[in-house]
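There are 2 protein chains.
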Amino acid sequence: MTDTVAQLREALGDAVSTDAAQLDAMRSDKSGHSSGSAPLAVVHARSIDDVQATMRIATQTRTPVVTRGAGTGLAGGAIAGSGEIVLSTLAMDRVLEINESDLLAVVEPGILNGRFNEILAEQGLWFAPDPASKAISTVGGNIATNAGGLLCAKYGVTRDAVLGLKVVLPDGRLLTLGHRSVKGVTGLDLTALMAGSEGLLGIIVEATVRIRREVAGTLATIASFYPGVRDAAAASAAITAAGLQPAVMELIDPSVLRAIDAFVGSSLAQRGNAHLAVQFDGPGAAEDAHRALEIITGRGGDADMTTDRDEAEKLLAIRRAAHPSLEALGTTLIEDVSVPRTALPDMFDAIAAIEKKFGITIPTLAHAGDGNLHPNFIFDGPDVPDEVWAAADELFLAALKLGGTLTGEHGIGILKKRWLGDELGEDQLDLQRQIKQVFDPLGILNPGKVF
Amino acid sequence: MTDTVAQLREALGDAVSTDAAQLDAMRSDKSGHSSGSAPLAVVHARSIDDVQATMRIATQTRTPVVTRGAGTGLAGGAIAGSGEIVLSTLAMDRVLEINESDLLAVVEPGILNGRFNEILAEQGLWFAPDPASKAISTVGGNIATNAGGLLCAKYGVTRDAVLGLKVVLPDGRLLTLGHRSVKGVTGLDLTALMAGSEGLLGIIVEATVRIRREVAGTLATIASFYPGVRDAAAASAAITAAGLQPAVMELIDPSVLRAIDAFVGSSLAQRGNAHLAVQFDGPGAAEDAHRALEIITGRGGDADMTTDRDEAEKLLAIRRAAHPSLEALGTTLIEDVSVPRTALPDMFDAIAAIEKKFGITIPTLAHAGDGNLHPNFIFDGPDVPDEVWAAADELFLAALKLGGTLTGEHGIGILKKRWLGDELGEDQLDLQRQIKQVFDPLGILNPGKVF
Numbered sequence: 008m009t010d011t012v013a014q015l016r017e018a019l020g021d022a023v024s025t026d027a028a029q030l031d032a033m034r035s036d037k038s039g040h041s042s043g044s045a046p047l048a049v050v051h052a053r054s055i056d057d058v059q060a061t062m063r064i065a066t067q068t069r070t071p072v073v074t075r076g077a078g079t080g081l082a083g084g085a086i087a088g089s090g091e092i093v094l095s096t097l098a099m100d101r102v103l104e105i106n107e108s109d110l111l112a113v114v115e116p117g118i119l120n121g122r123f124n125e126i127l128a129e130q131g132l133w134f135a136p137d138p139a140s141k142a143i144s145t146v147g148g149n150i151a152t153n154a155g156g157l158l159c160a161k162y163g164v165t166r167d168a169v170l171g172l173k174v175v176l177p178d179g180r181l182l183t184l185g186h187r188s189v190k191g192v193t194g195l196d197l198t199a200l201m202a203g204s205e206g207l208l209g210i211i212v213e214a215t216v217r218i219r220r221e222v223a224g225t226l227a228t229i230a231s232f233y234p235g236v237r238d239a240a241a242a243s244a245a246i247t248a249a250g251l252q253p254a255v256m257e258l259i260d261p262s263v264l265r266a267i268d269a270f271v272g273s274s275l276a277q278r279g280n281a282h283l284a285v286q287f288d289g290p291g292a293a294e295d296a297h298r299a300l301e302i303i304t305g306r307g308g309d310a311d312m313t314t315d316r317d318e319a320e321k322l323l324a325i326r327r328a329a330h331p332s333l334e335a336l337g338t339t340l341i342e343d344v345s346v347p348r349t350a351l352p353d354m355f356d357a358i359a360a361i362e363k364k365f366g367i368t369i370p371t372l373a374h375a376g377d378g379n380l381h382p383n384f385i386f387d388g389p390d391v392p393d394e395v396w397a398a399a400d401e402l403f404l405a406a407l408k409l410g411g412t413l414t415g416e417h418g419i420g421i422l423k424k425r426w427l428g429d430e431l432g433e434d435q436l437d438l439q440r441q442i443k444q445v446f447d448p449l450g451i452l453n454p455g456k457v458f
Numbered sequence: 008m009t010d011t012v013a014q015l016r017e018a019l020g021d022a023v024s025t026d027a028a029q030l031d032a033m034r035s036d037k038s039g040h041s042s043g044s045a046p047l048a049v050v051h052a053r054s055i056d057d058v059q060a061t062m063r064i065a066t067q068t069r070t071p072v073v074t075r076g077a078g079t080g081l082a083g084g085a086i087a088g089s090g091e092i093v094l095s096t097l098a099m100d101r102v103l104e105i106n107e108s109d110l111l112a113v114v115e116p117g118i119l120n121g122r123f124n125e126i127l128a129e130q131g132l133w134f135a136p137d138p139a140s141k142a143i144s145t146v147g148g149n150i151a152t153n154a155g156g157l158l159c160a161k162y163g164v165t166r167d168a169v170l171g172l173k174v175v176l177p178d179g180r181l182l183t184l185g186h187r188s189v190k191g192v193t194g195l196d197l198t199a200l201m202a203g204s205e206g207l208l209g210i211i212v213e214a215t216v217r218i219r220r221e222v223a224g225t226l227a228t229i230a231s232f233y234p235g236v237r238d239a240a241a242a243s244a245a246i247t248a249a250g251l252q253p254a255v256m257e258l259i260d261p262s263v264l265r266a267i268d269a270f271v272g273s274s275l276a277q278r279g280n281a282h283l284a285v286q287f288d289g290p291g292a293a294e295d296a297h298r299a300l301e302i303i304t305g306r307g308g309d310a311d312m313t314t315d316r317d318e319a320e321k322l323l324a325i326r327r328a329a330h331p332s333l334e335a336l337g338t339t340l341i342e343d344v345s346v347p348r349t350a351l352p353d354m355f356d357a358i359a360a361i362e363k364k365f366g367i368t369i370p371t372l373a374h375a376g377d378g379n380l381h382p383n384f385i386f387d388g389p390d391v392p393d394e395v396w397a398a399a400d401e402l403f404l405a406a407l408k409l410g411g412t413l414t415g416e417h418g419i420g421i422l423k424k425r426w427l428g429d430e431l432g433e434d435q436l437d438l439q440r441q442i443k444q445v446f447d448p449l450g451i452l453n454p455g456k457v458f
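In order, the protein sequence lines correspond to chains U and R.
Under the numbering used here, the first residue of the first sequence is numbered 8, with each subsequent residue one higher.
Under the numbering used here, the first residue of the second sequence is numbered 8, with each subsequent residue one higher.
If you are wondering where the hints come from, they were derived from the structure by calculation, not from laboratory data.
One or more hints might be untrue.
Where chains are identical, the list cannot tell them apart; a pair therefore holds if satisfied intra-copy or between any two copies.
DSBU-like cross-link-like pairs, simulated, lysine-lysine; straight-line CA separation at most 35 Å [claimed, not checked]: (1) Lys363 <-> Lys424; (2) Lys408 <-> Lys364; (3) Lys161 <-> Lys321; (4) Lys408 <-> Lys161; (5) Lys364 <-> Lys424; (6) Lys363 <-> Lys408; (7) Lys408 <-> Lys424.
Take these sequences, add in the hints, and give me the full structure.
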């Protein structure tokens, strides 16, 4: 037992674990990547005090700290390795306040997004950030990655829902950022800066978030099938071009559709090669859905529509089955490029060209409403083959050329570090590193990630 | 002519002005405050190149630079004084791109918000940030102050509408921040950090912003009168408590109402002492307005409602007349506290107590939908009397106690510097100063403002 672990134990008692299985679990996340070896210890923080105590010891002993929620990240941002402390905020999972009149809630970081929404739903309320992982990912993790999801085009990204944060700095000091009011412009917006900072700047220990009232009116949902992925992409573009604003618009390409059929035993591919799910909410939902349906069928799409909520869940279940279906095929590297929504067909063309060049299949999903694509690379074994990295390289550069970004919602973590400079440029990268240094002068927070 | 001015002239020719009247105009803004003396020169930048050239000279000669748009700020953030260069971006006023399919536009910083919206309206589009000053304030200034306005509760603050920025650093280097896609989480979110940074970090020279399609459906507008300001505040609270989401909800207190009557010759105060304007948009607007009307009349409010757009403009014109009406009474110090919306009645009580204690009247307007209040101090002469500062001090501390903030939408500038530490705390203030230093190591950008 190292001196650091001894100090942690003395300060935090049985919140500190060095159980081999637990340490081993900290080496990986949902990215499919692993660190070379296990971390020193896991601290299961139960309170802000625990987090502060951990960070004071980490600073004193110069020990690196990896903050971790549920470990569902897709970019390796919460992977821990040799000599590191894992600071888990998963046990800090209370909802401290739900204020219906001010439409805000105060939560600890470890609450699962889905669980938080269940609690809110009892009062007819909801939290808009809606990553596909919401059943298993924490609100703290959602904020640390500025998580996206299905509803962003209409309801914004996680950052837009965060009013204030309590953050512990590397040396253990507690900061209170932001406010409880809708508006507030006092000083630099460090609350916004923390959103998406991937554990580099501080540890989020409490969040004051905007909540919403459940949207009144019908929920109208369309599931539609097309001959090819470009037809589906063109239909989605035509829907937004008609001035419609779906809450959800999700596209599935042919190889993902076949994977779903194989995994769940369905026969979706008999109806078409590509799938587009479109959902409208609010008072105009049914009318909007009828207009979308006309656009879809006018373009040769084969579509079902429902205003029944259970039936809608069944239609969207096709999309939700995509990730497990792909995981069943091998190790999955889920990419996450984002482009302006009209560039979606061009990006699909670029993916097709890369598939051809490298002789591989890149099953792709897209949040079509906001131009965020998830091309998947599937391979055997734990390590990403060089060829896959080479193909991913071309994919990223294609997205940047189209005015897009390396990562729409998953983050940089360890997975996309090598391309960071391509997007940011050296001047901005340097500035970002200096900002990191202001928060974390010793460089003990999530070292080796992002930069 | 100083050496700095000579260098500017050599590099920028007739973009540089030392005209006494022009320099004098740079000493003040709409805050009612002035600097002690005139700045060195005004550079009327026509291009990014001009901005870069100016900053290279400023860095070389260690000359402070105050970036300025239309000079409509209410906190003194763009006031310039002795030895400073004013870098005006007002002439950089082109709309470079309007992309209806991607719902984004690229603009230069000097375009007026209102003019930009006129251009967008020709295509059935709009830019949601809606400060009351939109006819005279620039989009660059709106971003630099993270401007609020009437629509924030429903449509967000300016930050939420900014996708990407081009920014010139103090040493003249050009950075490209953000992206054209709806989502993007590559590195730290410096785009969000620039919003509301009040000219401290860099010069915004181009902005890629989200635009929206005009909201379909009826616009339903209510003008209502009440016996007192608490009744109006309670009615607004009851409307949001009923689950309704107005686009606009504006409250006017008795002394502002009387000032409007005196200024425009109306007799509004005959119908009541306090006024609440409520506007709904979208497909459910008329239905929502009828529900709001029931709530208002059930509480003894005296209300008119219209679904005619011209008639609606007339009803909202009452609110728009407030600022000129108050300015007619004397020098006006417009305050800008923001509290959680349910704390609005408590904040009005706090204001009443301060009025009583100091024997003064504090005419107050409020964006009731989001809890942002504008208490106004009116006095003779250019200088704020000590008694007004003392009263303002109590006002700010009352807002902070209610979970609010010193400034909801105007910024800190020079006006609220002394209270900054009260809200942020010393640790955060220190961190913010260090971030400023990363961007501006020589401290030449807007020195003496905010921090």
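Okay, the hints, checked on the actual structure:
For a Cα distance limit of 35 Å, the shortest separation of Lys363 from Lys424 inside one copy, 26 Å, qualifies, whereas the shortest one across copies, 60 Å, does not. Within a single copy, Lys408 and Lys364 get their C-alpha atoms as close as 19 Å, which meets the 35 Å cut-off; across copies the closest is 63 Å, which misses it. In this assembly of identical chains, Lys161 and Lys321 lie within 35 Å of each other by CA distance both inside one copy and across copies; the values are 22 Å within and 31 Å between. Taking the shortest Cα distances, Lys408 and Lys161 sit within 35 Å of each other both inside one copy (25 Å) and across copies (34 Å).
Taking CA atoms no more than 35 Å apart as the test, Lys364 paired with Lys424 passes inside one copy only; the shortest distance there is 24 Å, against 59 Å between copies. Taking the shortest alpha-carbon separations for Lys363 and Lys408, only the intra-copy value of 20 Å comes in at or below 35 Å, while the best inter-copy value is 63 Å. In this assembly of identical chains, the alpha carbons of Lys408 and Lys424 lie at most 35 Å apart only when taken from the same copy (18 Å versus 43 Å across copies).
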